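Assemble chain U onto chain C, guided by the hints.
Here the protein sequences come in this chain order: C and U. Position 119 of the first sequence, counted from 1, bears residue number 119 in the UniProt record's numbering, the numbering being contiguous throughout. Position 290 of the second sequence, counted from 1, bears residue number 290 in the UniProt record's numbering, the numbering being contiguous throughout.
Hint data in this document are derived by calculation from the structure and do not stem from the laboratory. Careful, some of the hints might be misleading.
[Unchecked claim] Partial list, derived from the structure: chain C residues whose beta carbon lies under 10 Å from chain U:
#, residue
1, P92
2, Q98
3, N99
4, A104
5, V114
[What the hints assert, rightly or not] Sample of chain U residues with no beta-carbon within 10 Å of chain C, all distances over it, derived:
#, residue
6, G9
7, K126
8, R151
[Claimed, not checked] Below, in silico cross-link-like pairs of lysine-lysine (DSSO-like), each with a Cα-Cα straight-line distance of 27 Å or less:
#, chain 1, residue 1, chain 2, residue 2
9, C, K79, C, K66
10, C, K180, C, K191
11, U, K176, C, K119
12, C, K180, C, K127
13, C, K127, U, K176
14, C, K220, C, K21
From a predicted model like this one, the values you see are computed outputs, not experimental measurements. Note that CB positions come from ideal geometry on N, CA and C, so glycine has one too.
This is what each chain is made of:
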Amino acid sequence: MAPVLSLRGIEKSYGAVAALKGIDLDIGRGEVLAICGDNGAGKSSLVRIISGAQEPSAGAITLDGKTVSFRSPQDALAKGIATIYQDLALAPRLSIVQNVFMGAELTRPLLPFVHILDKRRMEDLAKGYLGRLSVAVDDMHRPVERLSGGQRQAVAISRALHWDAQVVIMDEPTAALGVKETALVLDLIRKLNAEGRTVVLISHNMADVTAVATRVAILKSGRKVIDRPVAGLDADGLAHMVMTGKES
Amino acid sequence: MRSFLETYGTAVAGLALALFFVAFAPNFAAPTNLLNVLKETSFLAILAIGFTLALITSELDLSVAEVASLAAVVTGALIQAGQSPLLAVAAGLLVAFGAGLFNGIAVTRLKVPSLIATLGTAAIAKGFAFMITQGVAFVGRWPSEFTGIARGSMLGVPHLVIWLALVVGGALFLVKCTRTGVHMTATGEADEAARLAGIATGRMKRLGLALSGLLAGVTAVLLTASLSSAAPNMAGDYFLYAIAAVLLGMTMFEPGRANVPGTLVAALTLKVLGNGLVLMGAAYYVQDIVLGLIIIVSVALSATALKKAAFKL
Chain C
1 MAPVLSLRGI EKSYGAVAAL KGIDLDIGRG EVLAICGDNG AGKSSLVRII SGAQEPSAGA
61 ITLDGKTVSF RSPQDALAKG IATIYQDLAL APRLSIVQNV FMGAELTRPL LPFVHILDKR
121 RMEDLAKGYL GRLSVAVDDM HRPVERLSGG QRQAVAISRA LHWDAQVVIM DEPTAALGVK
181 ETALVLDLIR KLNAEGRTVV LISHNMADVT AVATRVAILK SGRKVIDRPV AGLDADGLAH
241 MVMTGKES
Chain U
1 MRSFLETYGT AVAGLALALF FVAFAPNFAA PTNLLNVLKE TSFLAILAIG FTLALITSEL
61 DLSVAEVASL AAVVTGALIQ AGQSPLLAVA AGLLVAFGAG LFNGIAVTRL KVPSLIATLG
121 TAAIAKGFAF MITQGVAFVG RWPSEFTGIA RGSMLGVPHL VIWLALVVGG ALFLVKCTRT
181 GVHMTATGEA DEAARLAGIA TGRMKRLGLA LSGLLAGVTA VLLTASLSSA APNMAGDYFL
241 YAIAAVLLGM TMFEPGRANV PGTLVAALTL KVLGNGLVLM GAAYYVQDIV LGLIIIVSVA
301 LSATALKKAA FKL
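Isolated chain C, as found in the complex:
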């Protein structure tokens, strides 16, 4: 599988503390790659670098074979890499439509040089995005705070669909969700992947990883210690690898 995103020799230091040490990682087009590791392993730093929230101290990133550097999340987004943060980065009191289109609202001309929001088109499109994820919400103007955790994830993923992101990074998407909502989110990841999008999943939940990921990269103390297909692994075996940093 040709890598859509390649990281070579990525390092990140915070003062004297080295959070990432020479990470090489290929993310294949259309795969679901899980990045696992204990607290302090370097997952968050790696995600922040891929998503453009931070720049690496050293190393190179290539996207579709071209060297890139992301100076901000917007920079990464413009190149087709969207991140769904752990806290979802949603505005709770704003509506579903407002959240899906936040920062990328559609407008239509009213007068020469005067454009107004195209509310109907945004509502129709938002409905379509949620429909593609098989999530039905009757009122698209409902504030996000009145949605379930799974539905909120769907809103956040819809935003990635609107941006037509080819790589979607999901940071702990099932944290703090119940069993039913977790199943919904895992289903959303499968649907996203079925559309041909690459998903990078950061998770502490090994059952989630074995349920949806095709490959897993395990970090330990800032280094990538394991990179292998998920097939044949169960949650317990994976948890053991995360703890020991060794293949069982």
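For chain U alone, kept in the frame of chain C given last:
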């Protein structure tokens, strides 16, 4: 029913209050009195809508009254000196807009909380206003081209009410129909989420505070033209009323959120209340007591945005 009460309860209460005064306050329903209430509402509502625009971005502008007084003094000084009304008005608006922008820069670039930054600006504006006037109000027979801005009417509608309608319409259009308005709202609602979504949150905050300053300038020009005078503390009395209007407005239409229609109805309600109390013979201090109660009860009811803006020190 509960949802209706949450959304429209305060507006209905305001209407009930007006009907109460119609029934029991002598001359309240007289056309001239109602027109006066409407004119008085214009000054307050325009000032409070500026405050609302800043609060939509989750920033407080406690300098609105002092900035309005400074803008009034600048405008009045130029009119008194025989300068053209156009120049005087432009100077007043520019000073107020500049003060608002200064607030915005202090908040977004210097990272001073708006509660502190705008209090500082208020003190500076007050100082400059007294410096320009040396403590004495400008009063005179000013040209009708200037006073006509606020006095007179068009097709029976007072100019002040037309200005109010333009400001309300413009603010509503900005907030509800434009990307900029939506970005201001997103900034106020979830600063970090908006930033991650690519919204220039600092710019939105500067815009909110600059518009607040500009509308303080508009209020100043209208007050000065209406009264043919400019004093260094002439808008001071509007300070608490403007805050009360915004807070009371946050209890209706979009509960918990600063909103333009809410501020407008609240400003009208406050002016109706003040007028009605006077006509019923209430002592002058009753208004202040009622105003204080309205501020506290409004915040307790739903003004979460204000709490957020005030306590992010």
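Cross-check of the supplied hints:
1. Residue-level restraint check for P92 of chain C holds (minimum Cβ-Cβ distance to chain U is 7 Å; threshold 10 Å).
2. Using the Cβ-Cβ criterion of 10 Å, the hint placing Q98 of chain C at the interface with chain U is satisfied: the shortest such distance is roughly 7 Å.
3. Look at N99 of chain C: its Cβ gets to within about 8 Å of chain U, closer than 10 Å, so that hint holds up.
4. Hint status for A104 of chain C: holds, given a least beta-carbon distance of 7 Å to chain U, under 10 Å.
5. Because the beta carbon of V114 of chain C sits about 9 Å from the nearest beta carbon in chain U, less than 10 Å, this interface hint is met.
6. Every CB of chain C lies more than 10 Å from the CB of G9 of chain U, the least distance being 19 Å, so the non-interface label holds.
7. A cut-off of 10 Å between C-beta atoms confirms that K126 of chain U is not in contact with chain C; the least separation is 36 Å.
8. Every CB of chain C is more than 10 Å from the CB of R151 of chain U (nearest about 32 Å), matching its label as outside the interface.
9. Only pairs whose Cα atoms come within 27 Å are accepted, and K79 of chain C paired with K66 of chain C is accepted, the gap being roughly 11 Å.
10. With a C-alpha separation of about 17 Å, the suggested pair K180 of chain C and K191 of chain C falls inside the 27 Å cut-off, and the hint holds.
11. Taking the CA atoms of K176 of chain U and K119 of chain C, the gap is about 10 Å. The hint holds against a cut of 27 Å.
12. Annotation: proposed proximity of K180 of chain C to K127 of chain C holds, straight-line Cα distance about 22 Å (limit 27 Å).
13. This hinted pair checks out: K127 of chain C and K176 of chain U have alpha carbons roughly 21 Å apart, not beyond 27 Å.
14. Proximity of K220 of chain C to K21 of chain C is assessed by CA-CA distance (about 10 Å); at most 27 Å being required, the pair is judged to hold.
The structure shown violates none of the earlier numbered hints.
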